Each structure stands twice: as C-alpha cells, then as structure tokens.
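Asks: Just so you know, the sequences run in chain order A and B. Residue numbering for the first sequence follows our numbering, starting at 20 and increasing by one per position. Residue numbering for the second sequence follows our numbering, starting at 34 and increasing by one per position.
None of these hints come from the bench; they were simulated from the model. As the structure is a prediction and not an experimental result, all values here were calculated from the model. One thing to keep in mind: the hints can contain errors.
To be verified - Just the calculated beta-carbon pair ranges, DEER-fashion:
no. : chain 1 : residue 1 : chain 2 : residue 2 : range
1   : B       : D364      : A       : I111      : 46 to 56 Å
2   : A       : F283      : B       : D364      : 50 to 60 Å
3   : B       : E219      : A       : W34       : 43 to 53 Å
To be verified - Chain B stretches covered by chain A per the calculated footprint, using a threshold of three residues with CB under 8 Å from any CB of chain A:
no. : segment
4   : 54 to 60
5   : 103 to 109
6   : 195 to 203
7   : 219 to 225
8   : 259 to 269
To be verified - Partial chain A-side listing against chain B, Cβ under 10 Å, derived:
no. : residue
9   : W34
10  : I318
11  : N331
12  : E374
Yeah, the Cβ is synthetic: ideal placement off N, Cα and C, and Gly gets one too.
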Amino acid sequence: MKHISLSIADPQKRWRVSSGPYRSPWQSRGIPAYLLGLMLTGFYVLLYWFPQALSPLIRSLDGLSIWLRGRSSDQWFLYGFFYTVAVLVMGIRFIRRHHRSRYQVIRTLSVMFFQLGFAFLLPAWLLRLNQPEFFFTYFWPLKGEYLFPETVTSLRDSGRLGFFMVFWGVMMLVVVTPVLTYYFGKRWYCSWVCGCAGLAETAGDPFRHLSSKSQQAWKVERIMVYGVLALVVALTAVLWINSASGGAWLGSFSSVFARWYGFFVGSVFSGVIGTGFYPILGNRVWCRFGCPMAAILGILQKHFSRFRITSNSGQCISCGNCSVYCEMGIDVRLYAQRGEAIRRASCVGCGICAEVCPRGVLKLENAPALRKTAAGGSCAAGENTAGYPG
Amino acid sequence: MHIRRMGGAEVTVVSSESPYFFSRTALMYVFMGHMTLRHTEPYAREMWDEWGITRVQDEAVSLDIHRREVLLGSGSRLSYDNLILATGSRPRRLDVTGENSDGVHTLYFRQDLEQIEATIGRNMKHAVIIGGGLLGAELAEMLRSRGLFVSMIVREKHYWGNVLPPEESKIIETRLSRYGVRLFLEESVISFLEDEGGHVSMVNTSSGLQLPCEMACVAIGVIPETALAAGTDIQVGTGFLVNSHFETTSKGIYAIGDCAERLDPAPGRPATESMWYTGRRMGECVARTICGQRISCDDGVWFNSARFFDLEYSAYGKVSAGGEHSLFWSDDCHERCLRIQRGEGDVVSGIHALGIRLRQEVCERWIGSRMCVNRVVEELQQARFDAEFSEHVFPSVIQSFRHQLAR
C-alpha cells in the first residue's frame, strides 16, 4: 500500500481563498468594530470642535505643510493628510484584493489619483501661490458653499483664477454632470472621482456589507437624501435673496440657517456619522442618506441615463452575494433573480455585485440596448454570411 | 408565489429544515463567512405574509390520498386539493465500511454545515473530498478557506469527465491545484478507517492509496427522496414518476425538482435532473398547470452554470463530453476556453464557456433558432458579457474559429 503524506501538498505559494467578513469581529459588528467606531467618531469630534487637543499631531505636520502650502499646519491640513493616506493605503489593499478585475483596479486608481492630486496637492499648491484654496472635484450642492453668495463674491473678486473657479463649478454642474451621467450613470462621479467615495471605497471597503437592505431603510433613504437636497437648495436661495436685499428682508435668519446646516449636515452627518460609523452602519451612510449631489445624480441616472446593470436572464441562483456586498443597500438579488435590469437612483456603479456573483449574472452597461438580429435558420448555401469557405 | 399571483388559491409550504425558504446554493458562502444564514433567504420574511403563503415547519411523514391529507411529524394533518411534492433528494452514499465514522460528512442540509463546523473545531488539518463534480469543488473552496489541506478523489479519468471534454477538465484541474487542492484521478474509495474514538483517520482507495485525514466529505451526487410514496398509488422509479405536466400517477399530486422523474423527458435530457435552474422552471410550470394554464415545460434551451473557485463555467444547449465535432479555443495560459458544438447540418447545438461570461439570452436565441455555426462565429461579439475593461479575448477566439471552419 502506498501511504501518502498530505502535508507536503500545501506550499504557502498557493493562491489563497479568503474567508469572508462575517468571520472577523472587526467586520461583523463585534466589540473591536464598536471600539474602532468610537475611535473614529472621537477623532471627528476633536477635529471639528476641540482641535487644540490634536495640536501635537497638527504641529508634527508643520514641515510638510510649509513645504507644500508655504504656511504652518492646521487641523484641516491634518485631516486632509490622514484622509489621503487612508485612501492611498487602503486603495492599495483594495487593488490587491481585486487585482483580477480591471474595472476595479482602474476605478480605484482613479479615486486615488483624484484624492491625491485634486483634493490634496492642488489645493495646497493654490494656497502656496496665494490663490483661494479650491477643490476642483467638489461642486454645489455637495459643497454647498461654492454657490453661496459669500464664496462666489470672494472668489470673483480674488482675480482671474477665482473667476474661473466659479465658472468651473457652474459648468460642471450644469453641463458636464448631465452629459457624463447620461452616458455613464452617476458612477463617473460617485465611484471614480468624488473624495467621499474615495474614502468609502478604500478605507470603507471592509465594511460595505453592513449597509441595511431593509425596505424601511430604503424609505428613510429617500426621505433623507431628497430632504437634504431640498435643504441645501432652500438655503442657497435664502442666502441669495438675503444678499440681494442687503440683509434687509430676512435679517439674521439666513446666516443662522447656514450655521445649522453646516453643523448638522456638514459636520455631524457627513463626518461624524458618515465616516465614524463605517464599522457599524457600512461605508456609504453619507452617500446614501445624505449627499445632495448623489440625489441629483440619482434622479438623472434613473430617468436620463443609459446606465444600468443587466441581469443575465435566468442564471441567478439567488445566493445573495450581490445584495450582501451592495454598499448602497440595494437588494440586487430581487432584480437579478427575476432577470430584470437594475436601474436604481442610488446605485453608484462600484461594480462589486458583478464581481462577487458566482454565476456571472450581472454586468454594468452603458451601451444602447442590444439590437436583435433575425433568427438563424439552417445552414443553406446562401446562409454562409461569414464569407469564408464552409 | 406564481400560484398566488395567478389563481389566488391558499398555499401552505411544509418544510422541516427551515421556516423560511432559503437558497441552498448559498450555504457554502455562509460557511466561508461571506454572509449569514439570514442572507440566504431570497425574499424578505414579511413577504410571505404579504403574499398570503402559510409556512409550516414540520416534517411531512406520510400521505393519506383518500382523505387528501398530509400527516405531519407533530401528529396534525393538513388537507389539500392539490399537493406538490418537492421533497428534493438526499446525498448518495458510497456504501463502504467506515462510512458512518465521525468526521465523514455530506453537504446538503443546513444542519450539515453545523456538523462540518463541529469537526473542524477539533483542530484538524487534512480533509479528503470524494467526488469530482460541482459540490466537490464547492467543498474544496470552503475547506481551503479555513486553511485545510484538501485532497480530492475522483472516479473519472479527468475532472467531471461525464460532462466535460478533456480540455475543459484540464483547465479546471489546473485551477484546483493552483488553489492547493490535490487531485487523485481514476480512484475510488474502498473504505474509511477510524481511530479508537470512532473518528475517521484514513481513506483507502482502489489503487492502494492510503490518505490520512481527520475529515472526509462524500459528494458523489444525490438520489431522489421518495419516502412519501409509501402506502399511496404514486408510482416511483428512481423518483416520483411524472408526465410532462408534472402530474404523478395519483390525481391531484404533482412532483417537481430533484425528486421528480420524467416519463417522457425532452430529447437528449435525462429523466431526473437535480439542478437549481430545472427545479425553478418546473415550479413555474406546475403553478401554471394547477391554475389551469397547461403549458409544456420543454421550451427553452437547457443551460447550467457553476464555479470552480474563481473559475466560472457556463453551458448552453448540448455539448458532447467527448468534445468531438466542435470549435474550441483556449488561451495560452489555460485559464479560459470557449467551445461551440456543431450539430447536424452544421448548426450550433451547444456552447461551453470557462472563464468567459456569455449573454445567456443571445446563446439561447442562437441554439433555439438552430443558427448556422458560421454565423454564430461572425456574431460572437454579441454574446460578450465580460465586465468592462476586461481583457478582450473575442478577436482571437473568432480568428481561431474561422481557421477551424475553413479547414
């Protein structure tokens, strides 16, 4: 009898099969996840309201800040630095995990590039040149203040570059956004460009499965995301009315409104909850429930876009991987198992559902719907359209 | 659900395994920690009440066809007008000595996961999988995700050899070994040895191999579960015998899924098919029959899909296991391939893809309309379903096929 020793069968070089997040307490709302969440929210609280507590960290970046921006570091430089490092480091992790999918690799390189170049280096360089600090990848309404009268006036008065910045913001919103969204869906922004997405898709990736898929969450989502959009539209209108009437008409109402919006939406929602709660609520809480830009892009995507996720007719086995890993809480399986295309306002086109599907059921598509050719018939002599000898 | 939508009859679902319908195919992902058991339920729990479908978690012990009642394990009875038997199947056994030792498992029921989990909890290292089919590959992936040393014993000369041509098998074999699975082909198990504690310790094979292990999984297929036929006039072959409307020989009783055996299977199709897709299709058909819209369940092109670790496989129509009379392409590093079977009159009769995603709707249309192979090759791009930016293999596939056609 041949006695086979099996231990030699497993050199470490073999391709690894990774076990899933539900086997890690960090990723399945275990105690470590809550501690991490507490740490992150704690950091945001200090950053927004008690920055002096972070001063040793802030001071340690003085050298880099002076070199990049020509001035000493402050809390926002610290934040930008941490943010960018997180996107780059966790972006590399993401690429290693998904290296077999070119879509994922290219998309992740894109968010890393926009974060490093457009959200970190370029604004720093502008400051160094004594120009206004400006983020070319953020537009109204996500960055509401870019169309507030105060910002518009100060940019316009700061010179030709400032004027261009105002023009850029308006053009991106009015022309570029609808056109790109028509051809590619909201993903061109929400999973290729935006900095919030950059962090969510990289640092937040280990927590994507935690998003709630319940019908209830969907109801809350629709009320909140369009609610925030309505708020920022109203706020912008009020500010302009107030500024046009020289403050006579609304008094201090508009500035109080702006302060409260900045506190609740800008700081608490997008920062403390949006990012601090990654390990508890998933990585796209802000994008899904709060981002007014996502709301506009979503309306365009749902009604005026070629983008959809096609289901491969009957090949779905209802396993549920697509739904579990949808960071936006879309119950993808519900559509896939009926062979229906998915056109949902909230879909950011990250492509993970198609990636985790074990049966190749899903495909992100922008192309016009497939043109059906006439049925084949037999192989009669004239039927050989190939033009090759049969 | 189809019945509720069409007819509005009262529907009661009896299952002892789980109070809510779940996707059995997803059990491996629960084991691997990719999801929780709750995620395997394709429909939200509220939905069952919304649809007015009653669920009974109990075992159907026997049938009383004269009084039209189902006897349940709890002793209560359920009466019916129409009864659909979807009892599924159970794992086939090897019938060799030692098969009942601790640590010898099968994977079918939710409860099997708990048992495998308990064995793994014993701090073990080596597992042997018996059977080279789809479930075998799934088990291999599951156990590899926990870092076990996995060996597979396969009866055929090449992997899944009763279905796949050798070239396809080769690609799968390569993928399995890359993921650290050790394959033993043309082997079968003759016995399991157990240690003093009654736990499996060794697998002996026909050629004299002795594989030490602390766990063994038998995955050699399933047999229909037909125990409910006892004491009734339902005729049983290997499964409940049914006609093309899934009616058994007993009036008002239907059988679908793994447990059904067709008296008149469609040409080229086996009488029993234990497949997710077939079962789902049968469910839709029987719902229509009961609601008075008798349709044939044979329209539509047969298809199947699977995954071997990260290698996706899909099949449409009929491809011969010998691989003869077909167009075949595979890439240089043997990671993917495409095969088009040439049927009578040189029309396309089947398509196999490994590592390439195809659009099912298009493949079905080609095969269903018996399209000429020449034309399929020229229109091949239409079937492309690979993700954006993925490597574009179709130009080289088409070129290769044209050359093969010209020969």
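Asks: If a hint holds in the structure, say so; if it does not, say that too.
Replies: Going through the hints against the structure:
The hint said 46 to 56 Å for the Cβ distance between D364(B) and I111(A), and at roughly 28 Å that hint is violated. A C-beta distance of roughly 55 Å is found between F283(A) and D364(B), which places it inside the suggested range of 50 to 60 Å. Restraint check, E219(B) to W34(A): a C-beta distance of roughly 25 Å breaks the suggested window 43 to 53 Å. Given as covered by chain A, the segment 54 to 60 of chain B passes the check, having 3 residues with a CB less than 8 Å from a CB of that chain where 3 are the minimum.
Against chain A, the segment 103 to 109 of chain B contributes 0 residues with a C-beta closer than 8 Å to a partner C-beta. That does not satisfy the three-residue criterion, and the hint is violated. For a cut-off of 8 Å, the count of residues in the segment 195 to 203 of chain B with a CB near a CB of chain A stands at 0, and the three-residue condition is violated. For a cut-off of 8 Å, the count of residues in the segment 219 to 225 of chain B with a CB near a CB of chain A stands at 0, and the three-residue condition is violated. Restraint check on the segment 259 to 269 of chain B versus chain A: 0 residues with Cβ-Cβ distances below 8 Å, three needed, restraint violated.
Among the interface hints, the one on W34(A) holds; its C-beta lies about 5 Å from the nearest C-beta in chain B, closer than the 10 Å criterion. For the restraint placing I318(A) at the interface with chain B, the shortest Cβ-Cβ distance is roughly 24 Å, beyond the 10 Å limit, so the hint is violated. Because the beta carbon of N331(A) sits about 5 Å from the nearest beta carbon in chain B, less than 10 Å, this interface hint is met. Hint on E374(A) holds. Least Cβ distance to chain B is approximately 7 Å, under the 10 Å limit.
Going down the numbered hints, you'll see the structure goes against 1, 3, 5, 6, 7, 8 and 10, while the others check out.
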